[in-house]
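Given chain X, put chain L in place with the hints provided.
There are 2 protein chains.
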Amino acid sequence: MHAGMERLAVIDMGSNSWRLVVYGFEPGTPWWSLTDEIREAVRVGAGMGEEQTLKPEPIERALHTASVFASFCRSSGIGQVEALATSAIRDARNRDELLEAVAERTGFQVRVVSAEDEARYGYLAIANSTTVTDGAGVDLGGGSMQLMRLEGRELAASTSLPLGSVRMSERFLPGEKASSKQVRALRKHVRAQLEPLEWWPDGGRLAGIGGTIRNLAASAQKRLYFPYVDVGGFELSRDALEELIELLADKPASKRGTIKGIKPDRADVILGGALALAEAMDSGGCDALEVSEAGLREGVFFDRVLGDPPLFDDVRRQSVENLAHRFNSDHHHVEHVGKLSLEMFDGLAAGGAHDYGDEERRLLWAACVLHDIGTAIDYDDHHRHSHYLILHAGLPGFTPRELVLIGLIARYHRKGGPDASELGELERDDDQERLELLCGVIRLAEQLERSRDQSVATVRVVTANGGVKLEPEANGRGADTSVAVWAARRNADLLSEALGRPVEIAG
Amino acid sequence: MHAGMERLAVIDMGSNSWRLVVYGFEPGTPWWSLTDEIREAVRVGAGMGEEQTLKPEPIERALHTASVFASFCRSSGIGQVEALATSAIRDARNRDELLEAVAERTGFQVRVVSAEDEARYGYLAIANSTTVTDGAGVDLGGGSMQLMRLEGRELAASTSLPLGSVRMSERFLPGEKASSKQVRALRKHVRAQLEPLEWWPDGGRLAGIGGTIRNLAASAQKRLYFPYVDVGGFELSRDALEELIELLADKPASKRGTIKGIKPDRADVILGGALALAEAMDSGGCDALEVSEAGLREGVFFDRVLGDPPLFDDVRRQSVENLAHRFNSDHHHVEHVGKLSLEMFDGLAAGGAHDYGDEERRLLWAACVLHDIGTAIDYDDHHRHSHYLILHAGLPGFTPRELVLIGLIARYHRKGGPDASELGELERDDDQERLELLCGVIRLAEQLERSRDQSVATVRVVTANGGVKLEPEANGRGADTSVAVWAARRNADLLSEALGRPVEIAG
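Chains as they are written, first to last, in this note's numbering: chain X, -7 to 499; chain L, -7 to 499.
No lab work stands behind these hints, which were simulated from the structure alone. A couple of the hints might just be wrong.
No copy labels: a pair is met if it fits in one copy or bridges any two.
[Claimed, not checked] No farther apart than 30 angstroms at their CA atoms in a straight line, the calculated lysine-lysine pairs in the BS3-like style are these:
no.: 1; residue 1: 247; residue 2: 169
no.: 2; residue 1: 407; residue 2: 247
no.: 3; residue 1: 461; residue 2: 169
no.: 4; residue 1: 407; residue 2: 331
no.: 5; residue 1: 407; residue 2: 243
no.: 6; residue 1: 331; residue 2: 47
no.: 7; residue 1: 407; residue 2: 255
no.: 8; residue 1: 173; residue 2: 255
no.: 9; residue 1: 407; residue 2: 252
no.: 10; residue 1: 173; residue 2: 407
So here's chain X without its partners, still in its complex pose:
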């Protein structure tokens, strides 16, 4: 933890699970991280039924979990706590009974979040963790489903419908086996609820949040072959969701947790959630859902600590710089490696040496900013450690494919040759060439900045006579570029191979 870091706990008392999440943040800066978490499958909404009453057993579990959370906050010395209740508790006739008991036992003043606020927090989570500016969002909870419409990164419309996974499962799929008749009835019910929403889209991007969606995505992702990464940015296609639905419906409810990636404590309600989600996608004409790891809790956190509007300017840039900050990268150095890399990338493109574009440029920049984070683990093999950290510490706004590419570019910034087959099923035909070029560029930029003093201020690219000449320019104060030139000359092979022509370093 950095000096000046404060902590805020957000407690999310959902219909299915309750979570306490602790965020560390530096007030007045965009730096933050999730530092702790406890999750309990409380199922407070279990058995509420038509009469909308919290049952004694779930209340018992809820009270016990609340006192666990309170002990945790006390003993960890966390003073700032936001405790929120959503759909199940909001809709319960006897909610005051529960909330008063919670207050008495724990001192938590639980805020019952309105359906409107719940959608707004979901929107903030989506807007700050994906690149969706215009499109739709869905937050599928245990009790309710929030639907949102984003226009120009603002929340243009929203609604909350009682179509959560616990609710749908209890109402339509009460037994061990899900009959096709039951499944049809569930689908029809969801469709009927969605139909009146005139603003629900007809195609376009759709982002999804919430534990049910994360779990479905994790299961779908595990059926593919690529490096193990979190589900953030994963695109769950409608087809993949349908495959999962078939797998789930084929098994009795109690066995659904044996399907790879499905959490056992969601086994009995995941199918109801999957069906509701499928209908939401169909009625919105969406072939795919972009998954975010953020959720209601992050929405609450962003609302509390970011400015007004509580939005990061640029999600991807923020993710990358936040991660570099967490691992204490020398930001003058890594940003300068980024600058020199982009100068070479652009200069080579201008000279016709490659025709990659904005996407590669973005990945290259991200890899530059993150290439040294592995030194926080060990200087030896730090390129490998940077790779590990990039894959596993989370980079909202990037897809798994982009994440793996960024990781590989950082992985090969010092030595070795990249191998596109490490992308697994994420590999595209020309990825080997793409990686060699990007690794070739970052490797030279790193060497031109080997002395870490920005002595090479800029680098010019001259393409002529079938070769490439890089001309490092010393910064104005008569800086010594001898290290840079010496180091770069010994590391030009990879770029030269990638371009299929000699690369000369002027000096």
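Same frame as chain X, but now just chain L:
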């Protein structure tokens, strides 16, 4: 980097490679880490021959590298620099010519280390990175070989002989092919030099340092199947060394770098080093060599920043606590998990529930102190990240087997079941049971300390009636142990399975 951290650069101008290593340390504390490194295969001693004269080309390379190092120190703002020259430069007739040119170009006042001091630094590296208290040590460089004898962790005797890998290779193996006659001559020469050393051991432990030894160990280790870890603590058997020698001697010098693990820039001198090492082992009656990642540079660093004597009290404890400190673990929490774990481990042993001993106790303690370091990467899956960090951040004093076991115990401190086959060839017959017990214990200790407030001060173990009862005792101030008991009860399965009897948590 922590606040209050200072940096010291040590430049090691060896006969084969030159290295600049930067250490971060907090004065007055035992916390340190290697933060940066540049290595150049300068080969300053190349071609010195009998006349003991540094040749123009090596001098050229040396001067260039020195100015690279100087630029690096200037631009990184590193003020404290220790520049040292060893064997090749020490023995060169024209060394002043080189050292004056270095001083003029860079300002470095290079200290020529005496053979005696070189051995002493090697001794400090060994004594602070291995558990050898009584035994022998060997530091194999490019120019010389230092031999040491440790008694009661003190340096009892030492010598430096001109038997380095570059020197031996140039003198005895000058061509592409190594004939058996040449190999025999080399061996005989080394043997003759070692014979007069009356204090050189007859059996016992032998620790080895230096780049040649690390590289030989890396190659031998790569021929085995177990998780990728550094060579620190690896036991290079005499047999494995002989296999490597055969492999190396079979290839022409320029192709030896194609052998897995052998660095290409050592290809032409590694065989000479391997043969010299084999003779040192044979004449000392040592069947195996314990490899350390530390070396002359660390010796210099320890000598500068530790007290007098410049020795850590307990190498393994120091390694573990240093690593926990680097990743900002909550030390009250992790040490308390350690305390509770050892209470259970000891209580269960006393009750006859297992018969593991000191080794397991030590691994369990280390895993406890390190179990949360992964949260520095991401809270999600932090058990996996702790595992990664333990395997890759270095723990001097532990063998690869111990390292992998510590990693696995930490890996399974929250959930899942350990699988001993992850040890690969390091697995022993009873490791599955061993791991289940140790993971079962740490998991309960973690839950008894779930609220992180040391509210459970101690835990008593009662074994009776074929079952085990754990009795947590609240600390004196009337602490609330409800979280602890509740959490532990839900996590007793693994220990219960490991013991083959029910485990009850009193509350």
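Against the structure, the hints:
1. 247 <-> 169: Only inside one copy: residue 247 and residue 169 sit 10 angstroms apart there, 65 angstroms across copies, limit 30 angstroms.
2. 407 <-> 247: between (48 angstroms within a copy, 20 angstroms between copies)
3. 461 <-> 169: neither (69 angstroms within a copy, 40 angstroms between copies)
4. 407 <-> 331: within (21 angstroms within a copy, 44 angstroms between copies)
5. 407 <-> 243: between (49 angstroms within a copy, 25 angstroms between copies)
6. 331 <-> 47: neither (60 angstroms within a copy, 41 angstroms between copies)
7. 407 <-> 255: between (40 angstroms within a copy, 13 angstroms between copies)
8. 173 <-> 255: Within one copy only: 26 angstroms inside, 67 angstroms across.
9. 407 <-> 252: Only across copies: residue 407 and residue 252 sit 16 angstroms apart there, 37 angstroms inside one copy, limit 30 angstroms.
10. 173 <-> 407: neither (60 angstroms within a copy, 38 angstroms between copies)
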